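A.B. asks: Sequence:
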Amino acid sequence: MFTSRKPGSDDAWEGVVEERSRGMLDGANMYHFIKLRREDGQFMKVRIDRVLWKSVAVGDRIVKEPGSGPVKA
1 MFTSRKPGSD
11 DAWEGVVEER
21 SRGMLDGANM
31 YHFIKLRRED
41 GQFMKVRIDR
51 VLWKSVAVGD
61 RIVKEPGSGP
71 VKA
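If you read the sequence shown in the numbering used here, its first letter stands for residue 1, the second for the next number, and so on.
Keep in mind the hints are simulated off the structure, nothing from the lab. Be careful, since some hints might not be right.
Below 30 Å or equal to it, Euclidean Cα-Cα: the simulated BS3-like pairs (lysine-lysine) are [to be verified]:
no.	residue 1	residue 2
1	Lys35	Lys72
2	Lys45	Lys72
3	Lys6	Lys54
4	Lys6	Lys72
5	Lys35	Lys54
6	Lys35	Lys45
7	Lys45	Lys64
8	Lys6	Lys64
9	Lys6	Lys35
10	Lys64	Lys54
11	Lys64	Lys35
12	Lys45	Lys6
13	Lys54	Lys72
Here the structure is a predicted model, which is why all the values come from computation and not from measurement.
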């Protein structure tokens with residue numbers, strides 16, 4: 001069993017990208033992840049879509065508001 005890292009529609013967070021990664025967890029689909037450092041010092045790993053993954057770099061700020069997807073700030 002694995003943990004879904006896809007953000008929920010009601011989630012809200014923001015942070016700075018520390019690391020980018022991707023992998024074929026199920027052997028058929030490519031999943032894109034970022035590791036964020038939030039303002040409280042906590043780290044979280046989040047699954048994002050390919051377009052956003054390709055546009056972010058380490059050090060970029062990402063914001064997720066309730067009801068919308070994560071965006072580069």
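A.B. asks: For every hint, state whether the structure bears it out.
C.D. replies: Hint check:
A hinted pair counts as satisfied when its Cα atoms are at most 30 Å apart, and Lys35 with Lys72 qualifies at roughly 14 Å. For the suggested pair Lys45 and Lys72, the alpha carbons sit about 16 Å apart, so the restraint of at most 30 Å is met. For a cut-off of 30 Å, the pair hint linking Lys6 to Lys54 stands: about 17 Å separates their Cα positions. Our distance criterion of 30 Å between C-alpha atoms is met by Lys6 and Lys72, whose separation comes to about 16 Å.
Of the pairs offered as hints, the one joining Lys35 and Lys54 holds, with about 14 Å between alpha carbons and a cut-off of 30 Å not exceeded. Restraint check for Lys35 and Lys45: satisfied, since their Cα atoms lie roughly 4 Å apart, inside the 30 Å limit. Between the alpha carbons of Lys45 and Lys64 the distance comes to roughly 13 Å, so the proposed pair stays at or under 30 Å and holds. Between the alpha carbons of Lys6 and Lys64 the distance comes to roughly 12 Å, so the proposed pair stays at or under 30 Å and holds.
Under the criterion of a C-alpha separation no larger than 30 Å, the hint pairing Lys6 with Lys35 is consistent with the structure, at around 13 Å. The straight-line distance between the Cα atoms of Lys64 and Lys54 is roughly 17 Å, inside the 30 Å bound, and the hint therefore holds. Using a Cα cut-off of 30 Å, the hinted pair Lys64 and Lys35 holds, with the two alpha carbons roughly 14 Å apart. Only pairs whose Cα atoms come within 30 Å are accepted, and Lys45 paired with Lys6 is accepted, the gap being roughly 9 Å.
Taking the CA atoms of Lys54 and Lys72, the gap is near 11 Å; set against the 30 Å cutoff, the hint holds.
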